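Could you build the full structure based on these sequences and the hints that come with them?
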Amino acid sequence: MSEGTSTEGATAAAGAGAHRWPLWEVFVRSSRGLSHVHAGSLHAPDASMALRNARDLYTRRNEGVSIWVVPSDAIAASDPDSKGAFFESPQGKDYRHATYYTKSEGVKHL
Amino acid sequence: MHGGGASLGDSSASATRITPGFALRPEDIALAAKQGTARPGADVAEYALRLGDDALILAQRLGHWISRAPELEEDVALGNIALDQLGHARSFLTYAGSAWGKSEDDLAYFRREPEFRSAHLFEQPNGDFAATIARQFIAASYQFPLYRELAKSSDPMLAAIAAKAVKEVDYHLDHSTQWVLRLAGGTEESRRRMDAGLKLMWPFVGELFEDDPLTAKVGDAGVVPSSLKEEFDRGTGAVLAEAGLDVSGHPMATGGGRQGRHSEYLGFILAEMQVLAREFPGASW
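Residue numbers (the working numbering), protein chains in the order written: chain A, 1 to 110; chain B, 1001 to 1285.
None of these hints come from the bench; they were simulated from the model.
Possibly wrong hints are sitting among the right ones.
[As the list claims (entries may be wrong)] One-sided and incomplete, this derived list gives chain B residues near chain A with beta-carbon spacing under 10 Å: (1) 1071; (2) 1081; (3) 1242.
Every value quoted in this text rests on a predicted model; they were computed, and no experiment measured them.
Backbone N, C-alpha and C fix where the C-beta goes; we use that ideal spot for every residue, glycine too.
Rendered as structure tokens:
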């Protein structure tokens, strides 16, 4: 096909991609009453295009009724290397669970 | 263009399980035609053929962007729009074909160039990304009010196809509008390209809104093309004004697509689109 110009256009655009679009994290809510769940990430030039790209990438199969996008660098994350200090100290503390306690005699229907 | 079973859509939707949901599918239209519950007259079929050909050729053009868009995300966006258009084409062609005992595949793959009824806009080459966006902006600004009005058609099947299509085209219009504004307001180079893209595509606006004997004959079943022009001018005018772009000086091309007179581009599109079906008739994949 006489499509020389389109290939040329695409190549030029790829070259200009040296300054890349920023990264966004996408959260999708699958139906009313459920919460937004992290679905993945994508590149977009701004928030409104990020929402549209998210619609195209993450709700193609009827997965959602609502989308949030957040700039990836706006998310503060816990340090994956501090797993012990952060997440392992509750281990063995079974008194933090309701099942640790026996029910009082006078309480019925619990 | 091969689909699944011919039963009506999925009704097993629940709040927690993801399902395809219910929507009118080309298979439903073929089934209705076979059962004799919906079959268009000759004029309505010709009219549906025009709408189907517009969407089919545009889908084929847009599909060419897959793996070639500036970013992966845009690759998917254009691919989605292409598939939406292909879906509209399948519905319109299935319905049109039922008047003549032809399937959507018969019409898509085994007609010759002069038998296609698409307007010239849709066969224009992709050019660079801005040229594609210009074509898409015009196409969506035309198809959105068209399908919205066609959803009130006296022909129940055309109304049903349009009611489904208008939701998708609503998004196509939003997508292209966003890009017109961004390219116009981006860098000097992106603005130059957006301007050049509009200059390439604008001459093909006129043909979209030309009335002819067929559009008069279909009456309430169709939409009078010229009746959509004012809304098109207002809608595109507002976006172009915000973008600071001017299309007022661009000349209009002579049309002819509705009579089967096409530019040099359509033949190449058909050669690529039809080669497999013609080389291996009856092949499925």
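Taking the hints in turn, this is what the structure says about them:
no. : hint : result
1   : 1071 : holds, 6 Å
2   : 1081 : holds, 9 Å
3   : 1242 : violated, 14 Å
In this structure, only the earlier hint numbered 3 is contradicted, and the remaining ones agree with it.
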